[in-house]
Amino acid sequence: MFEITDEHIDLILGDLSARGIRTDDLQDNLLDHICILAERNLGPGDDFEAYYRSIIPSFYRQQLSELEEETRVLLKHRRCFAVLNRWQLFTLLFVTLIGPVVWWTIATFGGELVTQNRTVEAWQVGLVFALFPLLILLVLFLTPARFDPLLPRGAKVLVGWKPFVSIVPRLTAFILFLGLPFAGLHAQPGDSLNLASLPRPLYWENSPLRYDTRGGRLLIVAGGKTDMFRDPNVTYNTDNAPKLLFVADSNFVLTAAIHHDFVSKWDGGAIVLKADSLNWIKFCFEKDYTGQKRVVSVVTRGISDDCNSAAVAGNTIHYKIAKAGNVITLYFSQDGHSWYLIRHLTFDSNQPLRLGFLAQSPTGQQCTVTFSDIYYSTKKISDPYTGE
Amino acid sequence: MTYSSELLKGTLKTIVLKLLSDNKKMYGYEITQRVKELTQDKIQITEGALYPTLHALEADGLVRTEIEYIGKRVRKYYSLSPAGKATSRERITELAAFMQTMAHLLDLQPKLR
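Those sequence lines, one after another, are chains W and G.
Per the numbering used here, residue 119 is the first one in the first sequence, and the count goes up by one each step.
Per the numbering used here, residue 138 is the first one in the second sequence, and the count goes up by one each step.
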């Protein structure tokens, strides 16, 4: 019997590897097979290499790597890889590609639910659509056909767990990015954030329940019993409403649309200009003591001067605050174009003024205020009546 | 005369399962030789068809493997798992019925009406 040496084995393994056979299991099988053939068909002193070269073509049709290709596909699926047919692959691609589009739509819809304080519904929507693509993928991976090695080679597609596994963190990232179902982030006093339409970072004073800055708008959710007011009767001095403020320029014009649902008495959203805890202006859109949606401006110099102005019909209003030197002018508009002067006053301060946004719910459980169409410029207006 | 690979394609798994059910454990070369012997060279299983099939059976959990070292080389023995034994019986029954049907069909006997 021909004796196989280590050199023969090295020659076989080297050649198998060079011909594209790199799967250990297959190398072992072929090596043993070739060795047995040589042991049975060669005599002592025969040329092993010539024999090897003569028999190896009988192992394949076109090239030896065919075996590797076939075996690798089959072994991969044992290692949590799957063989899918074309229909399954197209379904998988559809789910993978359509997922973000579905998510974008649902997140937008869900975001509205959150804005309307319907967080339970938002969670339900989020969960259903998070599970939907995973369910489809699970059905695919349980399909018996994926194990069928007799599928035509052209119809086989090797798909691993990778897309299945990667879709989970990707969806999670997408959910976090869109803020659903964890809609709204939490903040502590002193935390900062940037808004594209404002020149400097904004800092929190008092914590909101949640906030959100998606889509260039600012959403602030104030908790219950939150307010900013220094009562002339000195019986009610409160400053616990969440505010997001930045250091304003010496002259500026800030406009923003304010929207909320007017659930409880004095629920409001406001633009705030603050020198310190005793000197500030709160330009508020609030549900007044009669239930009206009211334009209210509170100028505080130690004690608040509370001025109730126009009542409006809708839940959205546009506010403008302009500072020119030490003169402050407040305007409101229902359409964002025609502005009406509300208040015109001097406001002196030795320190930089901070400007920003506030939400409050003095008697309710919470109030969600959305600030949108935020524009800021360092313009110094010259005519308070035209605002130009 | 040897049968074409097209004819063998659908029956290779059944052949391997049957051989493994008749023998406690077998390695690749042994399977090819046993088939040649039993069929008097009419069926010759190529290595290119056998090893992927063995890997498929292993991946499906129908066969178990056992390794024996012969110097520097490794010999893999294959044996049926419990699931493989059940599948073997099913496949053989199915193939037998198929062969009967084919016999009727090819003999053109109108017995199936």
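Treat the hints with caution; some may be incorrect.
Distance windows between CB atoms, simulated [to be verified]: (1) W/E121 <-> G/L175: 24 to 34 Å; (2) G/G198 <-> W/A314: 27 to 37 Å; (3) G/H241 <-> W/E121: 32 to 42 Å; (4) G/A223 <-> W/H304: 49 to 59 Å; (5) W/E121 <-> G/R201: 23 to 33 Å; (6) W/A168 <-> G/A240: 25 to 35 Å; (7) W/E121 <-> G/A240: 43 to 53 Å; (8) W/Y169 <-> G/K162: 20 to 30 Å; (9) G/G198 <-> W/L311: 46 to 56 Å; (10) G/S218 <-> W/L311: 55 to 65 Å; (11) G/S218 <-> W/H304: 47 to 57 Å.
Quick caveat, the hints were computed from the structure, so don't treat them as lab data.
None of the values given here were measured: they were computed from a predicted structure.
Just so you know, even glycine gets a beta-carbon here, dropped at the ideal spot from N, CA and C.
message = I'd like to know which numbered hints this structure contradicts. Please list them from smallest to largest.
response = Violated hints (numbers, rising): 2, 3 and 6; every other hint is consistent with the structure.
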